[in-house]
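Novice: Sequence:
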Amino acid sequence: MAQLTSERLFESKRPAGIVQRTTSKMLLKPPLPPMEARSVEEIPTGHGWQYEPKWDGFRCIAFRAGKQVYLQSKAGQPLARYFPDIAGALAMLREKHFVLDGELVVPVSGALSFDELQLRLHPAASRVQKLAEANPAMYIVFDLLAENGQVYLQRILQERRRLLEGFVRLNFRSAKSLRLSPSTTDYQTASNWFKRVGGDLDGVVAKRLEATYASGERTAAVKVKQIRTADCVVGGFRYARGTRLVGSLLLGLYDDDGLLHHVGFTSAFARSERRELTKKFEALKRPPGFTGSAPGGPSRWSTDRTGEWEPVSPEVVVEVSYDHFTGGRFRHGTKVLRWRPDKSPRQCTMDQVKHREGKSLVLL
Numbered sequence: 025m026a027q028l029t030s031e032r033l034f035e036s037k038r039p040a041g042i043v044q045r046t047t048s049k050m051l052l053k054p055p056l057p058p059m060e061a062r063s064v065e066e067i068p069t070g071h072g073w074q075y076e077p078k079w080d081g082f083r084c085i086a087f088r089a090g091k092q093v094y095l096q097s098k099a100g101q102p103l104a105r106y107f108p109d110i111a112g113a114l115a116m117l118r119e120k121h122f123v124l125d126g127e128l129v130v131p132v133s134g135a136l137s138f139d140e141l142q143l144r145l146h147p148a149a150s151r152v153q154k155l156a157e158a159n160p161a162m163y164i165v166f167d168l169l170a171e172n173g174q175v176y177l178q179r180i181l182q183e184r185r186r187l188l189e190g191f192v193r194l195n196f197r198s199a200k201s202l203r204l205s206p207s208t209t210d211y212q213t214a215s216n217w218f219k220r221v222g223g224d225l226d227g228v229v230a231k232r233l234e235a236t237y238a239s240g241e242r243t244a245a246v247k248v249k250q251i252r253t254a255d256c257v258v259g260g261f262r263y264a265r266g267t268r269l270v271g272s273l274l275l276g277l278y279d280d281d282g283l284l285h286h287v288g289f290t291s292a293f294a295r296s297e298r299r300e301l302t303k304k305f306e307a308l309k310r311p312p313g314f315t316g317s318a319p320g321g322p323s324r325w326s327t328d329r330t331g332e333w334e335p336v337s338p339e340v341v342v343e344v345s346y347d348h349f350t351g352g353r354f355r356h357g358t359k360v361l362r363w364r365p366d367k368s369p370r371q372c373t374m375d376q377v378k379h380r381e382g383k384s385l386v387l388l
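Position in the sequence shown counted from 1, then plus 24, gives you this note's numbering.
Since the hints were made in silico from the structure, they are not lab data. Incorrect hints may have been included.
Label-pair distances were calculated between CB atoms; the ranges are [stated by the list, open to error]:
| # | residue 1 | residue 2 | range |
| --- | --- | --- | --- |
| 1 | LYS304 | SER368 | 15 to 23 Å |
| 2 | ARG295 | ALA148 | 39 to 47 Å |
| 3 | ALA148 | GLN182 | 41 to 49 Å |
| 4 | THR208 | LYS304 | 46 to 54 Å |
| 5 | GLU241 | GLN174 | 17 to 25 Å |
| 6 | ARG299 | GLY112 | 55 to 63 Å |
| 7 | ALA307 | LEU233 | 40 to 48 Å |
| 8 | LEU233 | LYS383 | 47 to 55 Å |
| 9 | GLN182 | ARG118 | 21 to 29 Å |
| 10 | ILE251 | ARG193 | 32 to 40 Å |
| 11 | LEU187 | GLU339 | 58 to 66 Å |
Ideal placement from N, C-alpha and C gives every residue a C-beta, glycine not left out.
Required output: the full structure, derived from the provided sequences and hints.
Specialist: As structure tokens, then:
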């Protein structure tokens, strides 16, 4: 498999995005900061927008120069060792010199699995290979940045999309793991993606048709993410580091056996709120707090929080918004929408966050 094992071909001390001659072709070289999008509340309307699905995966810029392939993460780190299946597929394409921008995902049983994607980041090559054989990854491409000696960063999106579609027609015909991300200039179509596909789709991205590729900037695109809500029980709290004020509330949901499982946290409080929260929850301090899975230590997604926490009587219900629920946890911190004194804690069950049927793959 033609996976990049030595990055010498792509090493450069020049600033990101500088064009350099390699093997007689002019190519961009990593690290190249990807174009990003700023968050907005609603999908923008009007002329001049191109809409695309926002996939729930790892952002990846793929470089190919001859027989060598380099996969770059959003943070500029190499990814090819974790996705040998994708590196191999790119190495087999007809075109031998190109730079693509897209998203790495892992489909499992017809839906995208972020848990399986996370498992790929394993230090043992044998383990990665086994995972790749069990659940092959997919690279969903949405931009073409360079091709056969031509760099397209200064081309507007409308031109880059036309060039990308031509590239895909010539190269992706027999590559099952490489897909073209759909796009549309029709607001209603984009709105339908957001409302009806749901499931494992992360949201919608809107890009300016007349904009060039804004490497490392958020000036040419916006994103609207899928936001979900759940009613949770507060089963404990942590003090903010170095204080005796509440830093975060620990959230729980009940399973079918009546056990309260720790599922995440919320911490976006003003200092004035923290004083009131501290008074409220210190009055409720008593074990066990969580009767199922408990916090115990730093979470899977963050290592900067202490393992010390205070259990409270499970009496307070809060409605929170979240983006994803994965591996029995909210993937990121949640945001408090409102307190729910009208709701019984026992009504806060896991069925609120059970993974809805993944439908985003029907767009490909």
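Novice: Hint by hint, say whether it matches the structure.
Specialist: Here's how the hints hold up against the structure:
For LYS304 and SER368, the Cβ-Cβ distance of about 19 Å falls inside the hinted range of 15 to 23 Å, so the restraint holds. For ARG295 and ALA148, the Cβ-Cβ distance of about 45 Å falls inside the hinted range of 39 to 47 Å, so the restraint holds. For the hinted restraint 41 to 49 Å between ALA148 and GLN182, the CB-CB distance of approximately 44 Å keeps it satisfied. With their beta carbons about 48 Å apart, THR208 and LYS304 fall inside the hinted range of 46 to 54 Å.
For GLU241 and GLN174, the hinted distance range of 17 to 25 Å is satisfied, since their beta carbons lie about 22 Å from each other. The hint said 55 to 63 Å for the Cβ distance between ARG299 and GLY112, and at roughly 57 Å that hint holds. Roughly 57 Å separates the CB atoms of ALA307 and LEU233, a value that falls outside the hinted 40 to 48 Å. Taking 47 to 55 Å as the suggested C-beta distance range, the pair LEU233 and LYS383 does not conform, at roughly 27 Å.
At about 25 Å, the beta-carbon gap between GLN182 and ARG118 stays in the expected band of 21 to 29 Å. Checked against the hint of 32 to 40 Å, the C-beta distance between ILE251 and ARG193 comes to roughly 36 Å, which is consistent with it. Checking the proposed 58 to 66 Å range against LEU187 and GLU339 shows it holds: the Cβ atoms sit about 60 Å from each other.
When each numbered hint is compared with the structure, violations occur for hints 7 and 8.
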